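Chemist: These protein sequence lines map, in sequence, to chains A and B.
With the first letter of the first sequence counted as 1, position 90 gets the number 90 in the working numbering; the numbers rise by one all the way through.
With the first letter of the second sequence counted as 1, position 192 gets the number 371 in the working numbering; the numbers rise by one all the way through.
If you are wondering where the hints come from, they were derived from the structure by calculation, not from laboratory data.
Some hints could be false.
[What the hints assert, rightly or not] For each label pair, taking beta carbons as the anchor points, the in silico distance ranges come out as: (1) 359(B) - 153(A): 36 to 42 Å; (2) 439(B) - 45(A): 32 to 38 Å; (3) 246(B) - 120(A): 20 to 26 Å; (4) 27(A) - 192(B): 37 to 43 Å; (5) 186(B) - 27(A): 24 to 30 Å; (6) 419(B) - 11(A): 47 to 53 Å; (7) 450(B) - 9(A): 19 to 25 Å; (8) 247(B) - 153(A): 35 to 41 Å; (9) 204(B) - 156(A): 38 to 44 Å; (10) 214(B) - 12(A): 24 to 30 Å; (11) 54(A) - 419(B): 40 to 46 Å; (12) 227(B) - 53(A): 32 to 38 Å; (13) 11(A) - 382(B): 27 to 33 Å; (14) 431(B) - 117(A): 41 to 47 Å.
[Stated by the list, open to error] Chain A regions said to be covered by chain B (calculated; three or more residues, Cβ under 8 Å): (15) 14–25; (16) 33–41; (17) 48–60; (18) 156–167.
Note that the structure is predicted; figures quoted are calculated from it, not measured.
Note that beta-carbon positions come from the ideal geometry of N, C-alpha and C, so glycine has one too.
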Amino acid sequence: MSNPDFKQAALEHLDALYGFAMALTHDRTEAEDLVQETYLRAVRAFGQLMPDSNLKSWLFTILRNVWLNQLRHAHSGPQFIELDAEAEGDHPQWLDRVANDPHVELMRKVERAEVRAALEQLPRLYREVVVLRDIEGFSYRQIAGIVGCPAGTVMSRLGRAREKLRLLLGGWRTEAASR
Amino acid sequence: MSETEMTPCDHIRGQIAFYLDDELRGREQAAFEAHLQECQACRQAVADERRWLESVRQARPLYSPPPALRARVEQIVSETPSPHTAPPELRRRIQRFLWPAASTTPRLFRDRRLIALVACLALIAFGGMWYVMMDRVRVPRSPISEFALMAVDTHLRYLRGQLPLEIVSASPAQISGWFAGKVPFSLKLPNYQESSGQEKLYRLEGARLVGFKSDYAAYVAYQMRQRPITLVVTSNSVALPSGGEEIVSKGLKFHYDSIDGLKVITWSDRGLTYALVSDLEERGQQSCLVCHAGTKDREFIESLKPSR
């Protein structure tokens, strides 16, 4: 891929990268900085991209590494929520808010906002695999490369993440889906 | 069949997500689809799961970047200079092949200020230089330190392109400032100016953080005539130099070793521990020896001390 081709192709992934950055940071400013830094590094490191590499996967890997570095700077190490630390009986506060919200019916019409809100309730490690698989369509193997873990871990993590997401979205989605 | 034994349907249900994620292949996929042909309940389970996943996936894109970000990214992409496409290690080998005597040119010795930095950066290569220093003391080798190994590993990872620089700059002041607040010590890189017409003998490329023992160390990349030099600095509360060949000189104890063909020298001074890694050859010893006797060299070391 020539340099102009690379630049054009890289720009096509801007929306996806921003979405992933938002999923990681929950903060517009941080997400914008993250995406900007990702492109800066990508353009500089373009020469290291193997001809048969997946450009989108490579960009996501860079973005996640930049984000991890920033986390380390801030906390002397990534502050992941322990996946197994959440008690099974923990009831998501988000569900209470939805159930008690008088505008819940209105909210339910905005599915994107619902999914986004539910995703934001997931632990970060769960959230990123759901976004990478269900929003961005990466394969398990590609996700493993991006997040730096075995594919088997991606599979099990994704399974648990979807279960939690299912709980968070509640019954309405099943109903909506079957309409 | 025991209660704990899985039924064919249990097995299929466990594979539904993999099937819908297009992660089943060959016989597994064929067996899965064959079972669906025969089992209405599993077909329904697959259909339910597919609808649920599709309803989640229909939410894409979750977020849209603001127009200002798009404009900034387009500017980055269009204005950032094209990078070198050859791997750094290959470039280094080719350069060495084309200019085998590059690092021995007499011009190397003309500017004492530059030589001072060259000398400090090239300490790695100069196990022999310590023999001729005034108060040298040599003791037998001991095992290589973890810090030295980390520095060599960092050097090699950078050459392989696995450690992109977090700041790309030839400005020592800018890089020193970048480290402020990021590492638990103060690092001030020296700023040597070449005299008019003087060829620049080394180039500061940039820097990044590297993890070491649950903390961050400072990594600074230099090039001297296309040959990379790595400087890693950490607090001496995190690492102390040890191992290799000990050489005491000018009141400092240096530890020199050769690892995988790379020369590494570590030492501590004023609260910081340093490691220099390069593949510089023996000839560099002479230039180091010349300027190590001068004051500029000591000034360079002074400038790296932590703030108190």
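Chemist: Decide, hint by hint, whether the structure agrees.
Modeler: Outcome of the hint check:
1. Judged by the Cβ atoms, the range 36 to 42 Å given for residue 359(B) and residue 153(A) holds: they are separated by roughly 37 Å.
2. As the Cβ distance of residue 439(B) to residue 45(A) is approximately 24 Å, the hint placing it in 32 to 38 Å is violated.
3. About 24 Å separates the C-beta atoms of residue 246(B) and residue 120(A), a value consistent with the hinted range of 20 to 26 Å.
4. Taken as a hint, the range 37 to 43 Å holds for the pair residue 27(A) and residue 192(B), whose Cβ atoms sit roughly 39 Å apart.
5. Judged by the Cβ atoms, the range 24 to 30 Å given for residue 186(B) and residue 27(A) is violated: they are separated by roughly 47 Å.
6. Hint check: residue 419(B) to residue 11(A), Cβ distance near 48 Å, so the stated range 47 to 53 Å holds.
7. At roughly 48 Å, the beta-carbon separation of residue 450(B) and residue 9(A) lies outside the given 19 to 25 Å, and the hint is violated.
8. Restraint check, residue 247(B) to residue 153(A): a C-beta distance of roughly 37 Å satisfies the suggested window 35 to 41 Å.
9. Here the CB-CB span from residue 204(B) to residue 156(A) is close to 19 Å, at odds with the stated 38 to 44 Å.
10. Residue 214(B) and residue 12(A) have their C-beta atoms about 39 Å apart, which leaves the hinted 24 to 30 Å range violated.
11. A beta carbon spacing of about 44 Å between residue 54(A) and residue 419(B) agrees with the range 40 to 46 Å that was offered as a hint.
12. With their beta carbons about 37 Å apart, residue 227(B) and residue 53(A) fall inside the hinted range of 32 to 38 Å.
13. At roughly 31 Å, the beta carbons of residue 11(A) and residue 382(B) sit within the given window of 27 to 33 Å.
14. Between residue 431(B) and residue 117(A) the beta carbon distance is about 59 Å. The supplied range of 41 to 47 Å is therefore violated.
15. With a cut-off of 8 Å between beta carbons, the stretch 14–25 of chain A has 7 residues touching chain B; three or more are needed, and the interface restraint holds.
16. Counting residues of the stretch 33–41 of chain A whose beta carbon lies closer than 8 Å to any beta carbon of chain B gives 5, which reaches the threshold of three, so the coverage claim holds.
17. With 1 residues having a beta carbon nearer than 8 Å to a beta carbon of chain B, the stretch 48–60 of chain A misses the requirement of three or more and the stated coverage is violated.
18. Counting residues of the stretch 156–167 of chain A whose CB falls under 8 Å from any CB of chain B gives 5; the rule of at least 3 is met.
The earlier numbered hints that this structure contradicts are 2, 5, 7, 9, 10, 14, 17.
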